[in-house]
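Chain residues, written in single-letter form:
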Amino acid sequence: KNQVEQSPQSLIILEGKNCTLQCNYTVSPFSNLRWYKQDTGRGPVSLTIMTFSENTKSNGRYTATLDADTKQSSLHITASQLSDSASYICVVRVNYGGSQGNLIFGKGTKLSVKP
Amino acid sequence: NAGVTQTPKFQVLKTGQSMTLQCAQDMNHNSMYWYRQDPGMGLRLIYYSASEGTTDKGEVPNGYNVSRLNKREFSLRLESAAPSQTSVYFCASRSSVLSYEQYFGPGTRLTVT
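Chains H and Y, in that order, give the protein sequences.
Counted from 1, the first sequence has number 7 at position 7 by the working numbering; the numbering is strictly sequential.
Adding 1000 to a residue's 1-based position in the second sequence gives its number in the working numbering.
Think of the hints as simulated: they come from the structure by calculation, not from any bench.
Among the hints, a few may not be true.
Here are the simulated lysine-lysine pairs, BS3-like style, with alpha carbons at most 25 angstroms apart [what the hints assert, rightly or not]:
#  : chain 1 : residue 1 : chain 2 : residue 2
1  : Y       : Lys1057   : H       : Lys110
2  : H       : Lys110    : H       : Lys57
3  : H       : Lys114    : H       : Lys71
4  : H       : Lys107    : H       : Lys71
5  : Y       : Lys1057   : Y       : Lys1009
6  : Y       : Lys1057   : H       : Lys107
7  : H       : Lys71     : H       : Lys110
8  : Y       : Lys1014   : H       : Lys1
9  : Y       : Lys1009   : H       : Lys107
10 : Y       : Lys1071   : Y       : Lys1009
11 : H       : Lys107    : H       : Lys1
12 : H       : Lys17     : H       : Lys107
On a predicted model such as this, the values are computed, not experimentally measured, just so you know.
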C-alpha cells in the first residue's frame, strides 16, 4: 500500500534554532517528492519538489534532502523564525503515467516556534 | 493574479441540506482538484478534472458531485450533507505543461450538524 509517514507529529523549538523534519514513504513507482508549508487556516504552499535524481534542494532557509534508495526525505529549517510556525506536509507523487489523481499526502508535522 | 479562490470561506449546514462550493483559478491551468482535510489525516482527493469537460473520481468521491464549468471554474456539490462531510475543503489547480506543481486555494471550512 502506498503510504507517506512523517515524524515527529509535532515539534516545539525556540526561535533561532534549527530543526529537521522526517518523511518516510512506501510509494511505487516513485515520481517526485514535495514539501508543502501550511499555515493555520490557509491552503498548502509548495516549498520544494524533488525528482528521483535530486539529493538536495534548497529554498531560502529550507533545505530538503531525498534518499531514493532508503525512501526517506528530510526538511531542514535553519535559524527558525516565528513565521515558520505551521504544518509541514510531505507529498509523494506516484508515477502511474498521465498527470492526475496520484498524490499521496502525509499527515504533516506541526511546528511551533516560540520566542 | 489571485491564484486559486474559493467561496464561501465558512459554511454551516444541517444534515440533508445541499450546497455548492465554488472554485476558480486565473492561472490558465488545465487541471483542477478537490480535496478534503480532516484532523489527523492527510489530504484526500475527492474529484479531479484533467481538462475542461472531463471529471474523474478520486479516493473519496461518495456523497459529492462536481462540475467543470469552464477552464477557470470547478465546483463541488453536496446533494444531501451528512455530519461525516464536516471537513475543510481545498481546491487546487495545476498546469500540465510547466511542472508538477499544484496551487491550493485558501479552503472552505464546512460544518454539518
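| said: Tell me the numbers of any earlier hints that the structure contravenes, in ascending order. | reply: 1, 3 and 8
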